[in-house]
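Given two chains presented individually in distinct reference frames, assemble the corresponding complex, making use of the accompanying hints.
Read off the chains here:
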Amino acid sequence: MIVPHAILATTAMIAAVVVTATAGDILTASAMRQVGDLDVIRARSGIVGAAMAVVTNRRFGLGVFCLALSFFSLLFAFSHRDLSLIGPAATSLTFVTNALAAKWFLHEHVDHRRWTAAIFVCIGVALLAF
Amino acid sequence: MTFRRYLVLAVITITASCGDTFLSRGMKSLGPVSLAHPAALIHAIFSPWVAAGIVLLIGFFASYLTALSWADLTYVLPASSLGYVIMTLLARFWLHERVSPMRWLGVVFITAGVGFVTRGPSYTDHSAGHAQAAAVETPEEVRS
Chain A
239 MIVPHAILAT
249 TAMIAAVVVT
259 ATAGDILTAS
269 AMRQVGDLDV
279 IRARSGIVGA
289 AMAVVTNRRF
299 GLGVFCLALS
309 FFSLLFAFSH
319 RDLSLIGPAA
329 TSLTFVTNAL
339 AAKWFLHEHV
349 DHRRWTAAIF
359 VCIGVALLAF
Chain B
120 MTFRRYLVLA
130 VITITASCGD
140 TFLSRGMKSL
150 GPVSLAHPAA
160 LIHAIFSPWV
170 AAGIVLLIGF
180 FASYLTALSW
190 ADLTYVLPAS
200 SLGYVIMTLL
210 ARFWLHERVS
220 PMRWLGVVFI
230 TAGVGFVTRG
240 PSYTDHSAGH
250 AQAAAVETPE
260 EVRS
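Sequences listed follow chains A and B, in order.
Sequential numbering from 239 applies to the first sequence in my numbering.
Sequential numbering from 120 applies to the second sequence in my numbering.
In isolation and in its complexed conformation, chain B is listed as follows (with noise of 0.2 Å):
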């Protein structure tokens, strides 16, 4: 992995948490929208925090799809769910929401999770067969 590679991981957990946190942001303040007016879906998707957070979750999806061209979806996944962590803590400090010790011991679970899955390697290359699924390095992070 380079150090380019973690950035795109990094902007993977940062645009997720925050895209969700501004859509949660921006829907709290325009009130509770009816299904019989579905309109008001469409006033929300101009509001300020809203499109702020449709526009990050575009990041978060073009960044994903980058990650997954190089890298195990068993590596990306656990990789990038330090999200959660970065949406508890907004949830906390910036929403001002109440954050249970055990929401917090889930906090300590995942970036456990997430320490172990990054010490690893990050592709399984399939050229050398199944029978020997060795994970290894690419060819570009080998010259680098």
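So that you can see chain A by itself, here it is in the shape it has in the complex (with noise of 0.2 Å):
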């Protein structure tokens, strides 16, 4: 079977946008969940303490690569295909893949509640493309 051309393009370029953005929200959360809880730091260090305890943390750097690298991803797709196509695919796409790394990786109690609410959200960003 021989897949077209455009077809195996737009789908790296959707994959392209989805890793990088599970990757930074994966990445994001785990420095938060590493850092503790902010209004904790924030009560006991100021505003200035909370923002140091969280920008000084690696993980939190990364993370932050991975969206900006997920954002150029996605402008890069959109000068390609159309923006109804590639704006709700990724979007609704990221919400089932961060549920997925979540609980890998993260060790996330993922329950039929999380697993029902994402697959909802997902099939409603969808339908906003129409």
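To be clear, the hints were calculated from the coordinates, so they are not data collected in a lab.
To list a few chain B residues with every Cβ distance to chain A over 12 Å, as calculated:
no., residue
1, 137
2, 145
3, 161
4, 162
5, 166
6, 174
7, 175
Pairs of lysine to any residue residues, derived as SDA-like cross-links and limited to a Cα-Cα distance of at most 25 Å, are as follows:
no., chain 1, residue 1, chain 2, residue 2
8, B, 147, A, 309
9, A, 341, A, 302
10, A, 341, B, 230
11, B, 147, A, 317
12, B, 147, B, 210
13, B, 147, A, 368
Cβ coordinates follow ideal geometry from the N, Cα and C atoms, glycine included.
This is the structure in structure tokens:
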């Protein structure tokens, strides 16, 4: 079976956005878990102390780097394909990949309620394209 | 979840949707920006709507990070996706865009998804070990 080049290219562009966005979200969430409750840190060290605790975390830096990569992948995809295809496809798929990655890497307790929510939001965001 | 934490989730939702809408409103009023003239983008940053949008999006990121420090990613993302609903309402009633029935159906799905996740616990406690990964309230919530 021969897959047309255009379909492969579109899939690769969407995959690049989804993978980098998921990596960014997971790294950022992991960083915030390492840093701890910001409300407690702010009460102890003030808002500057809380900001320093976040920006000096290496995972946070990596997460922001991945989110920046995701943003530029999205801009690149927009310059080649329609906004109405790339936007909803990338955003909605990211909800599902985030749920999978959060379960595997962050060991979050993703029960049926959270799966249902992720899938409902994924379908809802996809429908917003119409 | 305390009332204050629900408030942080509301701030995420409102700042994200209003920030994006303000950016869209500002860029539409400025007209198309050509990549051949990148200086126009710098000029755009100082227009009132775009500047207000950027301030709101900075507020969004700060409150998003705050929420991630006491709630799971799989809780925060769906719970704050109500922003898409607000964005659709703003597009319809403020920017006077046409919203199709399929988009309204999308709004219903998102609202239902938010309803599902916010009825459950917000945080997975890892202190009890991964095998017994149970979602529980944090000590502060137990006290409140």
